[in-house]
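*Asks:* What follows is each chain in one-letter form.
2 protein chains.
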Amino acid sequence: MSDLNSFKKQALDELLDLLRIPSISTLPENKADVQRAADCVEAALKTAGMTRTEQIQRGTHPLVYGEWLGAAGKPTLLLYGHYDVQPADPLEEWKSPPFEPEIRDNNIYARGATDDKGQTWILIKAVEWLMRRDGRLPVNVRFLIEGEEEVGGEAIERYVSEKPAQLKADAAVICDSEMFAPGLPSICTGLRGIVYGELLVEAAKQDLHSGVYGGAAPNPIMAIAEILCALKDKDGHILIPGVYDRVVEPAPAEKEAWASLPFNEKEYLEKEIGATAITGEPGYSVFDKTWARPTLEVHGIRGGFVGDGAKTVIPARALAKISLRLVADQRPEEVINQLKAAIAKVTPKGVKAEYKHLHGAGPSLVNPDSPFIKESALAMEEVFGKKTVYIRSGGSIPIVGLFQTHLGMPSVLMGFGLPDDNLHSPNEKFHVPNFYNGIDAVIRYMERLGANA
Amino acid sequence: MSDLNSFKKQALDELLDLLRIPSISTLPENKADVQRAADCVEAALKTAGMTRTEQIQRGTHPLVYGEWLGAAGKPTLLLYGHYDVQPADPLEEWKSPPFEPEIRDNNIYARGATDDKGQTWILIKAVEWLMRRDGRLPVNVRFLIEGEEEVGGEAIERYVSEKPAQLKADAAVICDSEMFAPGLPSICTGLRGIVYGELLVEAAKQDLHSGVYGGAAPNPIMAIAEILCALKDKDGHILIPGVYDRVVEPAPAEKEAWASLPFNEKEYLEKEIGATAITGEPGYSVFDKTWARPTLEVHGIRGGFVGDGAKTVIPARALAKISLRLVADQRPEEVINQLKAAIAKVTPKGVKAEYKHLHGAGPSLVNPDSPFIKESALAMEEVFGKKTVYIRSGGSIPIVGLFQTHLGMPSVLMGFGLPDDNLHSPNEKFHVPNFYNGIDAVIRYMERLGANA
Chain A
0 MSDLNSFKKQ ALDELLDLLR IPSISTLPEN KADVQRAADC VEAALKTAGM TRTEQIQRGT
60 HPLVYGEWLG AAGKPTLLLY GHYDVQPADP LEEWKSPPFE PEIRDNNIYA RGATDDKGQT
120 WILIKAVEWL MRRDGRLPVN VRFLIEGEEE VGGEAIERYV SEKPAQLKAD AAVICDSEMF
180 APGLPSICTG LRGIVYGELL VEAAKQDLHS GVYGGAAPNP IMAIAEILCA LKDKDGHILI
240 PGVYDRVVEP APAEKEAWAS LPFNEKEYLE KEIGATAITG EPGYSVFDKT WARPTLEVHG
300 IRGGFVGDGA KTVIPARALA KISLRLVADQ RPEEVINQLK AAIAKVTPKG VKAEYKHLHG
360 AGPSLVNPDS PFIKESALAM EEVFGKKTVY IRSGGSIPIV GLFQTHLGMP SVLMGFGLPD
420 DNLHSPNEKF HVPNFYNGID AVIRYMERLG ANA
Chain U
0 MSDLNSFKKQ ALDELLDLLR IPSISTLPEN KADVQRAADC VEAALKTAGM TRTEQIQRGT
60 HPLVYGEWLG AAGKPTLLLY GHYDVQPADP LEEWKSPPFE PEIRDNNIYA RGATDDKGQT
120 WILIKAVEWL MRRDGRLPVN VRFLIEGEEE VGGEAIERYV SEKPAQLKAD AAVICDSEMF
180 APGLPSICTG LRGIVYGELL VEAAKQDLHS GVYGGAAPNP IMAIAEILCA LKDKDGHILI
240 PGVYDRVVEP APAEKEAWAS LPFNEKEYLE KEIGATAITG EPGYSVFDKT WARPTLEVHG
300 IRGGFVGDGA KTVIPARALA KISLRLVADQ RPEEVINQLK AAIAKVTPKG VKAEYKHLHG
360 AGPSLVNPDS PFIKESALAM EEVFGKKTVY IRSGGSIPIV GLFQTHLGMP SVLMGFGLPD
420 DNLHSPNEKF HVPNFYNGID AVIRYMERLG ANA
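From first to last, the protein sequence lines are chains A and U. Residues in the first sequence are numbered consecutively from 0, following numbering that gives the first Met the number 0. Residues in the second sequence are numbered consecutively from 0, following numbering that gives the first Met the number 0.
In short, the hints are calculated from the structure, not lab data. All figures in this text were calculated on a predicted structure; none of them were measured in a lab. Backbone N, C-alpha and C fix where the C-beta goes; we use that ideal spot for every residue, glycine too. Heads up, some of the hints might be wrong.
Said to hold, decoys possible - In silico DSSO-like cross-links for lysine-lysine, where the CA-CA straight-line distance does not exceed 27 Å:
(1) U:K385 <-> A:K265
(2) U:K351 <-> A:K270
(3) A:K167 <-> A:K270
(4) A:K344 <-> A:K233
(5) U:K204 <-> A:K270
(6) A:K94 <-> U:K270
(7) A:K204 <-> A:K45
As the list claims (entries may be wrong) - Far from chain A by the CB rule (all over 12 Å, computed), these chain U residues:
(8) P251
(9) A340
(10) G384
Generate coordinates for the entire structure from the input sequences, incorporating the hints supplied.
*Replies:* And the structure:
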């Protein structure tokens, strides 16, 4: 197959097969599916010409490793992606089933299409093409594709900290972020960290009749409401003492660059969010709010009777899933302690509240002056025909901090997702032209690095 | 069967059969079970010697009617109970299954044991005994046993307002409340009303990634928390404008009587509630808080991801089930309007909030000087050997207000439940001696009324 276009079309078909596997890492019942996805990725690495592949067990789901180190004297890239996906509920809101990929209007609709199977596939297929065409690569590569990104990434954290020598490389390339706008090549230079856990409130020893006890007995749902309102005010300002102490303001030049990005707040509100107003801290732009400011969110809540009709009960307990997104230089451990202290301080009379930590990751910022970043920007400019913009992301890719800390290398975040790709939501999609251009851009990046770095 | 003790034992066995029927009126899937319970009650009324019985359809589940009007010149009692029950969840907290009644430590454990199958059975079996013994009754009786008490009681409301002549009586006897303490006969002279509905908050058009949008997008769970905290403060004081305007303070004599009731606040907290503190409005006693003050409670809440693990989503919507308990002279319609106005006023930016009303009932107070109340107090004194106390209940029995409004009759609330009977909760129970003494007390009440009224 000497035609790159035919190759890319076949790569798309293969991607659809991978998307059919419901590799939801957070659900125990999908464990075998996650393994199937790992096997599929390992097979693809072999096909791409890796001289050695391996599945590494350090948690529930394996890391898939593959290497080709035949370019003596050339830089080595650590290529990162993940093959696990978020749960797909609420299922009824999907137009086509989440694990039966469907192409509509030049978009692939499926859970994991963008996040991150589609983008992982870009890395693998770019390498496969170069290997087919040239019988070798312009740089050395080590793939490290994980299966627990959506569930905390503890396995990869363990492995990276245990075996830094086996992952020795000059830079990591991470394909798990988004372009700022369709057709506009983007490199992400900053990510938020996260601290995620459960807030459990217990009141009475059992559910109580709200007529008999209402007015005298503590209500755990009300208590969660009071705690949440004491942790964040109506303006979106977090009230946890000390939480803003380490927050670094972006440099004026970076803020200026953001201000010149193509952005229509009305469209953002109406098309992406679809609510009646943008909320959050007054005096900050949407970029500030989502890229450079910490936030506290509630992801889910349950307690008491929520069936049809009425049940007049004061429940015994209630639970909320909460997180803080962190920005440089906030530290997860410190924020966890601040959060726990704040909860203890604001817990209302009559109830017990406990924060149970589930996972965390530090924020990260990369230096845009690294040659690995610059060549990436230039490669994307060639493919997309537009000047690459430097953006940040409000999401968390914990691996970036991990690579910096344990492997001492910068991460190049080449992202090909789009802002309206519905990550973590029903009808997640991936724009087919971005899949194709992504393969081209990674090919050019490696060629440029092989020639210039 | 001439022995009352043997009769009562057999009545208990029959009650267990009724308790085996999961007549949960709020769940559509239990509709056939509710009908079975209605049939069982109608059969019992026939056995008790009613000359006419009927199932009356005015809603989802039938009203069961039965009459014996052969005591010319004597008063007529309208005997009220209900055969439907609350849902039984959380099922895992029951020591024995909710619909497999088990007698332990002289208590019947089952959903509906006290509320209200056991107490309804007292009325039916007292009448049956008198009829068996004497071939007639000392007073005229009309039974009206409903099947939608736990779901709003709309069918009975419709029937009572449509056909007042068919229910003509001098007083209603309602067996659906509790004794103040074991062995202490009690008549309930006041009930709280209720306004119950759903608070639905909608934010974005779909679930959003909390990393990408967190900080700029509205969060409906946070919005519900803010609305709840704006409706009730940390001290349990309701913040809805105008809501206290019609609240009548109990007479000083009534409050003094309450103060002399046997009550240990520490035991109430530890044994009944089992939380770390009694909460609610400062400066009010537990009796004030639960009998004479309105309260706002959250019965259930749901929104977003609440499975195991983590999902970093900002949900599109969230829902809470809320109610206000009302006291004399609050009016449900007025409170609904006050509540809706308050919600509209405090709904935070970016979200839409809607209160969907499900059901309501006015509060009620009865005059303790009625001869129907006084004879009841004396009958219970005879059986229990203690002076009857006048109490109130924080719960709502909408039928009391209905009987007052449409039939112009007082309601006699003879209650045989106990404060720790776990109404609406797992492990609901009914004390067997109270079941037996209840039958004796109703027998003596009718005998006294036949002789003295």
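*Asks:* Checking each numbered hint in turn, tell me which of them this model violates, lowest number first.
*Replies:* 1, 3, 6, 7
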